[in-house]
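Residue numbers (our numbering), protein chains in the order written: chain A, 1 to 239; chain B, 240 to 432; chain C, 433 to 618.
Because the hints were derived from the structure by calculation, they are not lab data. Computed from a prediction, not measured in an experiment: that's the story for all the values here. All C-beta atoms in this analysis are idealised placements derived from N, C-alpha and C, irrespective of residue type, glycine included. A couple of the hints might just be wrong.
[What the hints assert, rightly or not] Here are the simulated SDA-like pairs of lysine to any residue, each with C-alpha atoms no more than 20 Å apart in a straight line: (1) 209(A) <-> 427(B); (2) 146(A) <-> 226(A); (3) 186(A) <-> 522(C); (4) 593(C) <-> 609(C); (5) 79(A) <-> 68(A); (6) 502(C) <-> 441(C); (7) 79(A) <-> 60(A); (8) 79(A) <-> 123(A); (9) 600(C) <-> 387(B); (10) 209(A) <-> 387(B); (11) 209(A) <-> 388(B); (12) 593(C) <-> 223(A); (13) 605(C) <-> 231(A); (14) 605(C) <-> 68(A); (15) 146(A) <-> 598(C); (16) 79(A) <-> 366(B); (17) 146(A) <-> 231(A); (18) 605(C) <-> 223(A); (19) 593(C) <-> 209(A); (20) 600(C) <-> 254(B); (21) 79(A) <-> 31(A); (22) 604(C) <-> 573(C); (23) 604(C) <-> 247(B); (24) 79(A) <-> 67(A); (25) 121(A) <-> 78(A); (26) 579(C) <-> 598(C).
[Unchecked claim] Chain A side only, calculated, beta carbon under 8 Å to chain C, not exhaustive: (27) 77; (28) 144; (29) 196; (30) 219; (31) 222; (32) 239.
[What the hints assert, rightly or not] Anything over 12 Å on all C-beta distances counts as not near chain B; from chain A, calculated: (33) 40; (34) 163; (35) 181.
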Amino acid sequence: MRRGLIVLCIGLLLATSLVLSAEPTASDVRQALVALTPAHADEIMNAFSVGFAQGRLQPESTLRLINRLIEYEAEQSDKEGILITIAQTLQDDLPTAMLVEKAEEGMARSVPLSLILNGVKGQPPILGLTERKYLLSATRDTLYSKGIFSTPPGTKAVAQSLSVVRFDTLVNEIADSLADYVESGKSPLEGHLLYQQVSDRLTDLADLKVPVVQPGDAQLVLERVTPADLTTVVQRIYE
Amino acid sequence: MRVDNLDQALSEALHQEVREEAYCIDRLEERVVAEIEGRTPRRGVVDSLRRMLAPTRGARIGQFATIGVTAVVFLTLGMFLASRVTPSHQATLTPVTASAVDGQNQVLFVMPAPGAHSVSVVGNFNGWEATPLADENGDGIWTANISLPDGRYEYAFVVDGRWWGQDPLADGYVHSFGEYNSVRYVGQAGGGA
Amino acid sequence: MYHVQDEVSLLRASLAGETDAWGEVVVRYKEAVFGLCLGFLRNRADAEDITHDAFIRAYTNLHRYKLEKKFSTWLFTVASNLCRNRLRYRRYHPVIAPPDYVNGGNDPAYIVASEDRVNAVRAAVDRLPISYRAPLVLRYYNELSYKEIAEVLSLPEGTIKTRIHRGKLLLKKDMERDGVIYNESG
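Please build the complete structure, drawing on both the sequences and the hints.
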């Protein structure tokens, strides 16, 4: 009888661990990090853990990224550079969706990692993760300067503040559309074209049956942010 | 140059524009009635064809090549879709249908690639890892139905290892790493009264 | 009173399939609809297309129009939605040659050199993003009330007021940049 119970318990434990192991966890990510970059694993993992908790990073896609980096033919310093840039973005309290996606796309296209990280000047230019990180930061600062911000969960909500998710979405989509604009080769001095590009993106995302951007949020941004603001953000990339 | 009253200037400017251009709606009522009574073909078809053959955002050098390729792809696509669409349906080429299940949309990806050995789609919805397309009846038209929530998606096709970034069925294109990605918005609320 | 009844009987006749009655409706509203489309799309060829399409679609969907509501508002909503689709389509499928813009382009030299203040305004309107331009056109061309504009564009009335206010600010700024000095009032 007792033996039966023990066997049953072991069986349940095994089954549970099998089920749990199907979903990548934070510790899986840590393990992969240690395998790839023992020197920086701790620092990166600290930032990633916060990212997981905030919902800005998912263990599954992060693990996939790290595994791909491990197998990719590239300099170790570039591989670390990709992950450190993402970690630093999280440390700056910014969303990272755009960076992870671009890194994965670049590797799928067999683009050299140094190019994915640093981009290439030219006409039209190719932006690297470093420049995209700057766009995220500059976009966030611009929104703040216009009185558009988020309050973290747990703090008292101020009237007109957005949830972190909604604010992150705005930052990510605005920065991504600015990046698209720069990579299309158009002039940064055409503020109204920049503005139109951002406006189109936000409006299209608000226009879905299940909006990705809330129509009210899109309106708020388009009312307060001006073409000149966007030119200021984008011009630095061309310097 | 001074403008004393913007309201007035605005109203004046808009009215003057209409006065200048309104000649083109002279006898519009006759054309509308003719169409309603079925005496003229549906404008939409001819216009749609014209628009379909319009070039995409290709680089200047490759523009004619792009036009040529686009036209060929469209003709092939047109034949494929024509064989699927019954005559009673007016062909609105939106290969997305909302499914009743939890807000997911069934998105159809189509790539004409006769003679290809493998065709897949890569995009930001699958971590840029290949989702294979299939050509079940061997007619060279490869398809896949992918379930996606509402959103904006960037993607490209990979045909026998070669990337094709300009899907004619896409809503638009963006530059990426010196080439093109296709963009689709899934879940757009339709227009109409 | 007579006029309104007249319109209602035209619409009833159209619903009953009398196409000549609809023709009369087109005559009465085509300029207003064309003005809306031209204002939104800034391109005569597109405006002509969409005006035509709007009357076809309105006729096809006439059974959905509620006779006790204001017909013009409903018709403008149809046109506005078609314009929105065309603008979206145009974004996704730009053609090589620029469209036949009403004002011959955005060249500042052209604007400054010309003493015609109307051209300056038109050029500035060309450059306004559609979310600001649409309410302005409905207000200053179609002369709709805020409430009607809100209905046509499916937006809250408060938003319409804000957009009109900010739209005018943007226009002023844009014209100042081109050397037009704006003197108060409006």
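Results of checking the hints against the structure:
1. 209(A) <-> 427(B): Holds, at about 6 Å.
2. 146(A) <-> 226(A): Roughly 10 Å separates the two Cα atoms, so the pair holds.
3. 186(A) <-> 522(C): The given pair, whose Cα atoms are some 18 Å apart, holds under the 20 Å limit.
4. 593(C) <-> 609(C): Distance ~25 Å between residue 593(C) and residue 609(C) Cα, so the pair is violated.
5. 79(A) <-> 68(A): 10 Å, holds
6. 502(C) <-> 441(C): With a Cα-Cα distance of about 14 Å, the restraint between residue 502(C) and residue 441(C) holds, given a limit of 20 Å.
7. 79(A) <-> 60(A): Given pair residue 79(A), residue 60(A) holds - Cα atoms ~18 Å apart, limit 20 Å.
8. 79(A) <-> 123(A): 27 Å, violated
9. 600(C) <-> 387(B): The hint is violated at about 40 Å.
10. 209(A) <-> 387(B): 13 Å, holds
11. 209(A) <-> 388(B): With a Cα-Cα distance of about 10 Å, the restraint between residue 209(A) and residue 388(B) holds, given a limit of 20 Å.
12. 593(C) <-> 223(A): 12 Å, holds
13. 605(C) <-> 231(A): 16 Å, holds
14. 605(C) <-> 68(A): Measuring from Cα to Cα gives roughly 50 Å; hence the hint is violated.
15. 146(A) <-> 598(C): 15 Å, holds
16. 79(A) <-> 366(B): 18 Å, holds
17. 146(A) <-> 231(A): Distance of about 15 Å is within 20 Å: holds.
18. 605(C) <-> 223(A): Holds, because 15 Å separates the two Cα atoms, which is no more than 20 Å.
19. 593(C) <-> 209(A): The hint is violated at about 26 Å.
20. 600(C) <-> 254(B): OK: residue 600(C) and residue 254(B) at ~17 Å, within 20 Å.
21. 79(A) <-> 31(A): 16 Å, holds
22. 604(C) <-> 573(C): Satisfied, since the Cα-Cα distance of roughly 18 Å is no more than 20 Å.
23. 604(C) <-> 247(B): 13 Å, holds
24. 79(A) <-> 67(A): 11 Å, holds
25. 121(A) <-> 78(A): Cα-Cα ~18 Å, so holds.
26. 579(C) <-> 598(C): The hint holds at about 18 Å.
27. 77: 41 Å, violated
28. 144: Since the shortest Cβ distance to chain C is 20 Å, the answer is violated.
29. 196: Hint on residue 196(A): holds, closest Cβ of chain C at ~6 Å, below 8 Å.
30. 219: Where the cut-off is 8 Å and the nearest Cβ of chain C is about 6 Å from residue 219(A), the hint holds.
31. 222: At about 6 Å, which falls below the 8 Å cut-off, the nearest Cβ of chain C leaves the hint on residue 222(A) intact, so it holds.
32. 239: Given a least distance of 23 Å, the restraint on residue 239(A) is violated.
33. 40: Nearest chain B Cβ is 23 Å from residue 40(A), so the label holds.
34. 163: At roughly 18 Å from the nearest Cβ of chain B, residue 163(A) sits farther out than 12 Å, so the non-interface label holds.
35. 181: Non-interface label fails for residue 181(A): nearest chain B Cβ at 10 Å, not farther than 12 Å.
Checked against the numbered hints given earlier, the structure breaks hints 4, 8, 9, 14, 19, 27, 28, 32 and 35 and satisfies all the rest.
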